[in-house]
Each structure stands twice: as structure tokens, then as C-alpha cells.
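Peer 1: As a plain string of letters, each chain reads:
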Amino acid sequence: MTGVVIIGGGHAGFQCVDSLRKGGYAGPIALVDADPHLPYQRPPLSKGYLLEGADPDTLLFRTAAYYSEQSVNLHLGVAAAAIDRERHTVQLSNGLSLSYDQLVLAPGASIRPLRVTDEIADQVHYIKALGDIDRISAQLGTAQDLVVVGGGFIGLEFAATARKLGKNVSVLVRGPRIMNQNVTPELSGFMLEQHRAHGADIQLNTSIETVSRLDNGSFEILTTDGRTLSCDMLVAGIGVTPDTRLAEAAGLECDEGIVVDASCRTNDPAIFAAGDAVSFAHPLADRRIRIESVQNAVDQAKVIAANICGERAEYDSVPWFWSDQYEFKLQMAGLHQGYDRVVQRGTTESGKFTLFLYRGERLIAVHTVNKPADHMAARKLLAAGISPSFAEAADESLKLNGLLKR
Amino acid sequence: MPKVVYVDFQGNRNELEVANGMTLMQGAVMNGLDGIEGECSGSCACATCHCYVDEAYLDKLPEMSENEDELLDGTASERLGTSRLSCQIRMADDLDGIVVQLPEEQ
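Chains A and B, in that order, give the protein sequences.
Residue 1 is where the first sequence starts when you use UniProt numbering, and the numbers rise one by one after that.
Residue 1 is where the second sequence starts when you use UniProt numbering, and the numbers rise one by one after that.
Because the hints were derived from the structure by calculation, they are not lab data.
There may be inaccurate statements among the hints.
[Unchecked claim] If the Cβ cut is set under 8 Å, some of the chain B residues that face chain A in the computed set are:
1) ASN20
2) ASN31
3) LEU33
4) CYS46
5) ALA47
6) TYR57
7) GLY74
Backbone N, C-alpha and C define an ideal beta-carbon position, used for all residues, glycine too.
Using the sequences and the hints, build the whole thing.
Peer 2: Here is the structure:
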């Protein structure tokens, strides 16, 4: 049996299934994922999931009935072990072999592990899959003092969740700023204040030197700047690495990610790739990039499905992503690297504002705090290549949607 | 299980069981119903789960947040007095039988 085989059941893998069927693809579809659950959404895991009762059914993309109605063969709890490009087959860890006409790789990224001794390593929590959150919830009831390593989105979202649950939280941030790679210093500084105002102990320019386990089961952490912290639970969110193992073993071109062209095809015309694991030349970037976001996964999967259905589709969507921390909704649209001017609309004190990031006179990104309507309008402006003047950007009385119509 | 009646733009009625605690957006999306997208996974950040709520149920809904209000100003289909984002409506016993109309575009 041939057809489309999709490896990975995250946003990219699932979207590919759905878009293939909506696009009229009638051949067999197989979806392979090492996670035993029905395909589910991961973003809420570090956000509201623990606060909202942690019901895994609320995370599902679709109920089980959908996959049978759409004739999708699910291979869950099974890993893809190898690709045979000559025979067009994928070997699974349970010994099955699946044939494909087209193969879609959506393997995502692997957690970067904290460097600690083997004895401690088993005790460190990460946030990637439902199983991780089950382990965290099992311990969170009795734990009171938490140390979070990493000042990126995952670590901060989890820190905010833990504070809402009444835990004492310290966050160790390696660099001088939180979310250093992804937001401007203005926004980073604003959110640092908010975390501290909510009682999180955020320590900058520091990291873990050593961790030891005390007789009472708690951890003692020595930081690189010579401080000692103790905690009941240690959670790390220090980034991910693209999961290129299978692609590399199959001889596909990889360069800090699986390399794909504008139609999300690898250097093997029968193999596509999408999502966190993919490295590509985005029309808005001046070098090849990799984007870890829902939007990127979903839009690349749509492009792949369209190509498999016989259309000629290329990926050029404006990147966007979001983060929820306490009562703040951060939304980032565009690629801000290389900006040289920030224009702000709304006051920082109000807790609702929009930052327009320009390179020269060209608008390249818009970051918003609790301004979802501005975010939605900004995505349209960026997609249309419209750059408001600096004065227009700063003027709260001008609706952004209005600028689209000129 | 309580039921939700989703009426699509063409007027087709789909009656689905949606468990208490799930949002109307999740109920539609998980069952593969077209007409509601929910591209932000239900975090009130995108306005692609816009629906028109039957007036009989409007008063039973939670109050609208400022974010929801602002997002509804930018929906793809016209905002009406009955417009809500379906990700902000959690199913509960007193909403059993709620009827929501889906817009032409999200």
C-alpha cells in the first residue's frame, strides 16, 4: 500500500493530514508518532493546561472518530526507525514497514538536556509532551520551592503558571535579558518587571554550576555566580535542537535543520518536511532560518498538502507566535532581527501596548502586549508590505485596519 | 452530555455533544466541523472562531473581555450584537442546546 506517510503528529503532521483530505487527496494516509496519545496540541502544556484541570482530551486536534472517518492509519507509540529512499519505505520500531509515494517529515525538535550528573538527570523535568506534564503534576502537589532553568518562553510560561498555583519560583537566566532572542529589550524589560511583581525570583546572567540531592529529597543548586539555592523541583526549558536524525541517516541535506525549498521539499523530490525541524530561506529573512512556532508548522504543512494535491504552492507567510505569561498576552508578528527603530503605541504603564519595529522606513515586525486586535491588523500590514509612517504607528486614534485600505 | 447546535453559513445544522468545560470552539474543531478555525488554540488571540450566538443564550454567557471585544472589531465577517469568540464560551449545563451561527468567513 502506498500513499502519503507522515512522521510526527504535532501541528505540522496533523495539519498535513487535514489539509490533504480537505484538498481532495483520496489515497492512503499514515501518521506515525512515538507519542502514544492521539495527536494533540502542545502549546497549552506550558501555559494554561495545568491551571485548567489538565484534561488531556481538551488538547486533541480531533477525536478518534475523525481518523477513522477520514481513513487515516495512525501508528501511535511507534517511532520511525529508518527511511529507505530507493524502495520508498519507512521502517517502524515495531517492525512494520510503510510504503510511500510521498513522505512528510514533521519530527519536531528534541529537548536540550541540562548538563547534570546521571543521578540528577532523571529528576529534572522538561515540558514537551503530555507525559512530561503528567510527571510534573504528580509532583507539583507537594513541591513548594521550584527552580526553573531558562528564561525563554517555555521557562517563563511555566514560571508564571507555577506562581499562579502558589509555588515559590526562581528562574535562572543565562543571559542579561529574558526572551533575549525573540523580543526587543523594551518588551523584555517590561516582562521582567511583571515577573518580579508577581513574586517570581528572576536571576539574570547566571546558570547552574552543580546540583546535588540532599537526604530529604530536595535539591541544592550552586549557581555559576556563586549562590546556593534549594528546591523541591527542578524544571528546565533551555531550548531544543531540530530532530534531524532520521533525515540525516537517510542522506537528506541537513544544515541546522532539514533543508527544504520554498515548496517545503527536501533534496529528495518525494520527501517533504515541515515544522520546528526545518531550515529554509524565508523571503523576509536574509539567511536560512528555522522557526519554532505553531504558525510555521501549520503553514508549511498546508503548502506541502497543496503540492501533494497537485497545486504549486510556496511558503511565504508572515511569521507570528504568541506567549501567555500571567495576565499578559504577548504576540509577535514578522521577523524583527535587524530592526533599527522602535515606535510605541500605547503606554507601558497601561499594560497594553504595541511596538512597531522598523528597518529604515520599512516595518519588519510588530510586537504587542494585550493588544490582539493590533496583532491581527499588523499581520495583514506585514503581509501586504505596508509600512505606516512613524507618526501613524504612534497615533492611538488611528485604527491599524484603516491603514490597510489605502 | 450537553449539546451544541452549530448552524453553518449555508444553513446546515450540526448537533454535537460537547462535554462541560470544553469550549464551543474545541467542540467544533475536534469534530472536524468546517467554519471555525481557532488558529491560536483558543487563547483569545486571533478571532478565527467568530460565531453568532442565539439571543436566547446571550445572557447566560460569561462577560466579554476587553481583548475579545477588540478582536471582534476585526473579524473577517461583520460583527453583530450577537457576535462572540467561541473559544471564550465554555460548555456548561445551562448552555445545553445552545445554537450558534457560523459566519461566512473567519
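Peer 1: With reference to the structure, classify each hint as holding or not holding.
Peer 2: So, going through the hints one by one against the coordinates:
| no. | hint | in the structure |
| --- | --- | --- |
| 1 | ASN20 | violated (11 Å) |
| 2 | ASN31 | holds (6 Å) |
| 3 | LEU33 | violated (10 Å) |
| 4 | CYS46 | holds (7 Å) |
| 5 | ALA47 | holds (6 Å) |
| 6 | TYR57 | violated (22 Å) |
| 7 | GLY74 | holds (5 Å) |
Against the hints set out earlier in the document, violations occur for numbers 1, 3, 6.
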